[in-house]
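Protein chains in written order, with our numbering: chain A, 1 to 305; chain B, 1 to 304; chain C, 1 to 298.
Hints were generated in silico from the structure; no laboratory data involved.
Misleading hints may appear alongside valid ones.
What the hints assert, rightly or not - Quick list of in silico lysine-lysine cross-link-like pairs, DSSO-like style, CA-CA up to 30 angstroms:
#1 C/K59 to B/K134
#2 B/K52 to C/K86
#3 C/K230 to A/K9
#4 A/K9 to A/K88
#5 B/K52 to C/K152
#6 A/K207 to B/K81
#7 A/K206 to B/K81
#8 A/K33 to A/K165
#9 C/K152 to C/K31
#10 C/K152 to C/K59
#11 C/K273 to A/K207
#12 A/K206 to C/K90
#13 A/K33 to A/K120
These numbers come from a predicted model, not from an experiment.
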Amino acid sequence: MANTGVWDKLQTVDRRILYLLLIVFATVSLFFKVTVPTKPGEPVKDFYRSVMDIPEGKTVILQSDFTQSTRGESSGQMEALLRILMRKNVKFALLSVADPQAPLVALNVIRAINQERKAKGERTYVAWEDFVNLGYFPNAEGTANSMASNLTTAMAGRRENAPGKGPTDVFQSPVLQGIRAVQDVPAYINVTGSKTSNILIERLGKKVPFLAMVTGVMGPETLNYYASGQVKGVVIGLNGVAEIETLMDKGLKAENGHPAVAGFEGQINLGRGTGYYLALHACLTLMILAIVIGNVAMVVTRRKK
Amino acid sequence: MIPFLAQVEAPEYNMWNAKPGTPQLWMAIAIAMVVGFAIMVAMLYAPTRMRKPIASAAIFLAGLFWVLVFLFPQPIDTQVKVEQRPPGFVQGISFWLADAIPVVGTFANILTAFILGLGVFSLVRIHLLRVTKKQRDWPFSVVLLVSIVAMAFFGYADWYSRLGPNAQKIEESWPLTAYGKDLLFDGMLQVMEAAMFSLIAFFILSAAYRAFRIRSVEATILLAAAMIAMLSLMGAVVVGWDGWIEQVTNKDPFLTNFTLSSVSGFIRDNLQTPGIRAIDFGIGLGALAMGLRLWLSLERAGAN
Amino acid sequence: MDGVYYEKGWLGLVYTILVCTFILYNIARAKSNRTLFIRRIPGLNAIDDSIGRATEMGKPVLMVPGIGGLNAISVQALQIFAYVTKTAAKFANPIRLCCLDPAVYTVAQEIIRDVYQAEGVPENYDPDSVRFISDRQFAFAAGVSGIILREKTAAAFLMGEFFAESLILAETLNSIGAIQVASSTEITQTPFFVAACDYVLIGDEFYAASAYLSRQPVLVGSLVGQDWCKLLIAASVLVGMGVNLVDGFKRVPKEEGATELRFQTKDERMITKFLNPEKPEWKPAGTPDATNATGGGE
């Protein structure tokens, strides 16, 4: 029998060695501040066009359904979205259905972007005036059905601290003035680490232009709805964050009958997506290497035997 | 049928759109509670043979509501004042359903909230027994019990302290309850959940290393598709590959089909997405069939 | 005032009626004719082997009905677990059924207790074998992983609505060498199960499982009805493709009386207009005609 010792070992590398390598690849790459180039895909371009089309001063519904678990992807998506909305003075009503912690996590991101704007001397977004937090709604399906049927009843009893007044009915805030139904908002945007985007598309997709920012795992399923036109644009995973940040930085040229869309020149556009992109490259490279080595070892061992 | 039904007058008010605090609503709540209690007592004392038809009828009525919501015409504007609502039976049912959705939609939440108590009771019972009997790994059970109590206490205390006009002061003075909640929720729970989620990265690597082997033709095709998908997630590779193809082929319309973004886009749009759609059709039909069997009480529970 | 409604759209209604008819008709057919054929599913054949192995090793069988609420999916998972428990009860093999949702937990308790009673061994039912772990996704994953590692479960059935915890559970089970039979109705998680588990039920095989295991006429008939529905969908797709192909190209006038064949956009095609009649326009608040929009298709 031929000596296949090394190749045998390469076929069955101890998982702990793989884990150690992953830690090294992921952490070391985070220390390098390199802007890796990217080529935005059509779903992200459509997302960017749709968000940039929202008229200034209008209100959108922003459903944030992620917690710290999918922070790596969803937090970058939320930051990019908030940067665009705030620069365009678009108001938003924030709600969550996936997790009781989700509103808190979303408010933390809003706070971080506000601090970034404050440091640059820009106007910060103020609760009640520029956005309202509608809070957490248990039962994603029930909430979406209720919103589709009657937005004011679905949100009844929700209060936000109004300046000088204390907790006040959210429908009295400037954010929700003139909004009675989901059809009244120019876009419904869902940043999610779960399948809540599917639930919303199935129940609200025909009533309001729907935009989704989903995790990499949820991407392929969401693309079904993008292909059918039920979702106007999709940002998928960390890759999507890097792509939308690139679009924010460089703008979008006129193509396929769509007009050119400007970027935000000279502003902070490159965030988590670009920051983590090298780490994504490093980890994927490790995975490809591991698969290739495992296969080569298997083939060599077979031949030798 | 519908024009005929449309001749019938619609009821102006119903229990779903009554304003909070009105006597009609309180009356409706009282009646619902009495009826609910009566059904519960009837179920307790009913002979075993009778229980199934009662349960089946309740299931049918509950299911019928959502079937009607799905199939019945919906009002475009549900917020028309009651006196301005159009007359007619169909319109009446339509508005009745629309008014009921937000209320009925919360039923499941209320039931789950009560049942959560049962779950917590089971958990506490198992771990208290383990501690009192000093079974194996009992100190972990102590940690669990202490965690449940601490989380519930600080979560509730912080929420309670933020009610009313004192909310602003809490941000400035930051009392013990706020510290406790901050430490437990933000400092521990969220971080631990993020850590659990990040384990997936490690498991994906070991599972991919073990599973992606070219043992057959199908496995080789799968591996090739997976490689293209992984490479297409790497912007630097996409930009390099696409740029090289475009440069070498001088943007030939046919040869540019071999750019990485085109190949991965083809796989995604023509193989992956339709495949997912087909499986989703099957899953949807399975769920519908299961739902139909449950709704019509055709399903027998348990092992048969 | 008829115009204040959305018509719900006839296509959805027709398909719903057809699907329900196919399923109910086949259930009736199966009740009168018990020889309807259903194919073998390898993952389900492995159930008995897995339990046998667990019995030989004297280790428990783990069952997880996903992390969804009490719905058709979790009830279906519990139906499969009832069969697994029935087999385990015959061999007096211990089981562990871990739940995230308290409503699923209470129903699971009832079903498992009934199984032991039906098998004539109610004294073997251990109330602690059905457990509520936590209603938080990753606390649940950590709790179940702990049970797997501490009790060294020999066989595991992960069936139902799984999300990110799927791979955590599957790989933890793999690390202790347990046999795993898995199925997720969430298509996004199926690849993880395929990579990490021994047997996987893909898509609606999950719903076919109880029919295959119990051979109840209602379930077998329902399964055959579902297959008829799939044929209906496949036929609709083919008809749609054909109509689009014929309708997609239109001869339009060109200069000097000549015509040219032009590819029509999606919105120009007859089938698009046929299936999507003009929608009633939403009139925002304050619009004089706000409640009088015309009816149309949704």
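Evaluation of the provided hints:
Our distance criterion of 30 angstroms between C-alpha atoms is met by C/K59 and B/K134, whose separation comes to about 22 angstroms. Straight-line distance between C-alpha atoms of B/K52 and C/K86 comes to about 23 angstroms, which keeps the hinted pair within the 30 angstroms bound. Distance hint between C/K230 and A/K9 is unfulfilled; the C-alpha atoms sit about 47 angstroms from each other, more than 30 angstroms. For the hint linking A/K9 to A/K88, the alpha-carbon distance of about 57 angstroms lies beyond 30 angstroms, and the restraint is violated.
Between the alpha carbons of B/K52 and C/K152 the distance comes to roughly 40 angstroms, so the proposed pair goes past 30 angstroms and is violated. Pair hint A/K207 plus B/K81 holds up; C-alpha atoms about 22 angstroms apart against a cutoff of 30 angstroms. Between A/K206 and B/K81 the CA atoms are separated by roughly 25 angstroms; this keeps the pair inside 30 angstroms, and the hint holds. Annotation: proposed proximity of A/K33 to A/K165 is violated, straight-line Cα distance about 47 angstroms (limit 30 angstroms).
A distance of roughly 43 angstroms separates the Cα atoms of C/K152 and C/K31; the hinted pair therefore is violated under the 30 angstroms criterion. In summary, the hint linking C/K152 to C/K59 is supported, as the alpha carbons are separated by about 7 angstroms, within the 30 angstroms threshold. About 18 angstroms separates the Cα atoms of C/K273 and A/K207, which keeps this hinted pair within 30 angstroms; it holds. The suggested pairing of A/K206 with C/K90 is violated, with an alpha-carbon distance near 53 angstroms, which exceeds 30 angstroms.
The suggested pairing of A/K33 with A/K120 holds, with an alpha-carbon distance near 22 angstroms, which does not exceed 30 angstroms.
In summary, the structure is inconsistent with hints 3, 4, 5, 8, 9, 12 from the numbered list given earlier, while agreeing with the others.
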